[in-house]
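Given chain A, work out where chain B should sit, using these hints.
There are 2 protein chains.
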Amino acid sequence: MFEPIKNKKIHQQVSEKIQKMILDGELKLGDKLPAERKMAEMLDVSRTSVREALRSLEIIGIIESRQGEGNFISENFDQAGLEPLSLIFTLKNGKFRDILEIRNILEIEAAGLAAERITEDKKEVLKDLLDKLLKADSEAERVEIDKNIHYKIAEFTNNILILNILETISSLMTYFIEDARLKIIQTLKVDNLLEEMHKNIVNSIISGDKNKARKAMKEHFNNVYLSIENNEEFDN
Amino acid sequence: MFEPIKNKKIHQQVSEKIQKMILDGELKLGDKLPAERKMAEMLDVSRTSVREALRSLEIIGIIESRQGEGNFISENFDQAGLEPLSLIFTLKNGKFRDILEIRNILEIEAAGLAAERITEDKKEVLKDLLDKLLKADSEAERVEIDKNIHYKIAEFTNNILILNILETISSLMTYFIEDARLKIIQTLKVDNLLEEMHKNIVNSIISGDKNKARKAMKEHFNNVYLSIENNEEFDN
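In the order they appear, the protein sequences are chains A and B. Convert by adding 256 to the 1-based position in the first sequence; the result is the number in my numbering. Convert by adding 256 to the 1-based position in the second sequence; the result is the number in my numbering.
No wet-lab data here; the hints were simulated from the structure. All figures in this text were calculated on a predicted structure; none of them were measured in a lab. Among the hints, a few may not be true.
Same chains, same label: a pair holds when it works inside one copy or across any pair of copies.
Said to hold, decoys possible - List of simulated lysine-lysine pairs, DSSO-like, C-alpha gap at most 30 Å:
1) K455 <-> K468
2) K276 <-> K403
3) K379 <-> K471
4) K284 <-> K445
5) K348 <-> K264
6) K439 <-> K276
Chain A extracted, bound-state conformation (with noise of 0.2 Å):
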């Protein structure tokens, strides 16, 4: 059967073989790119096709051009700026529920993986952000001290991907509900429900405990739909 010919740019090929160089592992993190009119010479394309190219690259993030330096593999992905995936996300008509929902899955898990794998030194990193989180006295201190525990536990899976994904997920949630973390820290405040679920989660990663630290991440995640229960606000 004659089935049609796909039609690919060229600077979409430029990018292509790029990414493959990275796959195969020609290309790695803070290599720098031969000139763009070198690259336009060695692949036998217009430098137009590399800079096309390599723009695209540079808004996903993959690339940095740094000024009078050159083009560089990124060696920081945290500045790769909204992501497919939000824009997919939205695009579909994703709901909060499921921003939540993935979460809840796999900050349990990450708990659960943090705990078997945790080094003596990464203990020392969690006890000090709980120190510190006992020690706020704002609200937007403790905002930013619960994101980095649990950024922190994601890390400590040792798991690129679930590290990833839940920090893909952390700018979305920000993007969505600016201020949803803080409106749930608010509703948790009283009694320091927060600050008790914290301490629970960070004891039992750190006593290597894997169902402990499972359970306690559970808790955290079921008061943190309760008070979501009780927030208008929250009703899409």
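Frame of chain A, contents of chain B only:
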């Protein structure tokens, strides 16, 4: 304190403007964008900047450019090509274990959610796929149907993020170990274990029993892990 003024390039600003319009719901699935010349006028920037911004959004799969018709907000995200997650995964030295671990976590919960939320017509879809799996007469065919069953379960959670993340991870898996699924299936083929497991998964989801569905999927992954441990090719 003086902080560096962030020097954002014009094409980047244009891209962010379009992304923001999507996030704000001003641009929807399938919408046609104004002509490039028109957009340049409206935003008071050069046509080159508009074109560069559109190209980059095209590469991340958000915009579709149709020859002679113009630029549209994509309706089909499957063609998004290699995604940033794959690149970041490679650059950060992600391991095969990471992929399996997150699939394990997400798919067990997906089975539970699908059992809770499945409708009558969706039950027919699963039954039909199971039937095809049992009747398939080639290994390649079974691989395809197996993939499809997992995809449908993710879809039936009604959670856009779960579906999207599992899709991305699935393509990651395909890239890294193209024939992993085939090998796993071959190993599990003994005693028709694979067919038996998928029968259990599908039937428990159809029965609407959340816990049974989670248990069936968990058992499936336990077997996948076992088959991998006995397969030295997956050591990395």
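Hint check results:
1. In this assembly of identical chains, K455 and K468 lie within 30 Å of each other by CA distance solely inside one copy; the values are 12 Å within and 33 Å between copies.
2. Taking identical chains as interchangeable, the C-alpha atoms of K276 and K403 lie at most 30 Å apart only when they sit on different chains, with a minimum of 24 Å there against 34 Å within one chain.
3. Within a single copy, K379 and K471 get their C-alpha atoms as close as 19 Å, which meets the 30 Å cut-off; across copies the closest is 33 Å, which misses it.
4. Taking the shortest Cα distances, K284 and K445 never come within 30 Å of each other, neither inside one copy (45 Å) nor across copies (39 Å).
5. For a Cα distance limit of 30 Å, the shortest separation of K348 from K264 qualifies both inside one copy, at 26 Å, and across copies, at 29 Å.
6. Taking the closest pair of Cα atoms, K439 and K276 come within 30 Å of each other only across two copies (24 Å); inside a single copy the shortest separation is 44 Å, beyond that limit.
Hint 4 alone, counting from the list given before, is not met by this structure.
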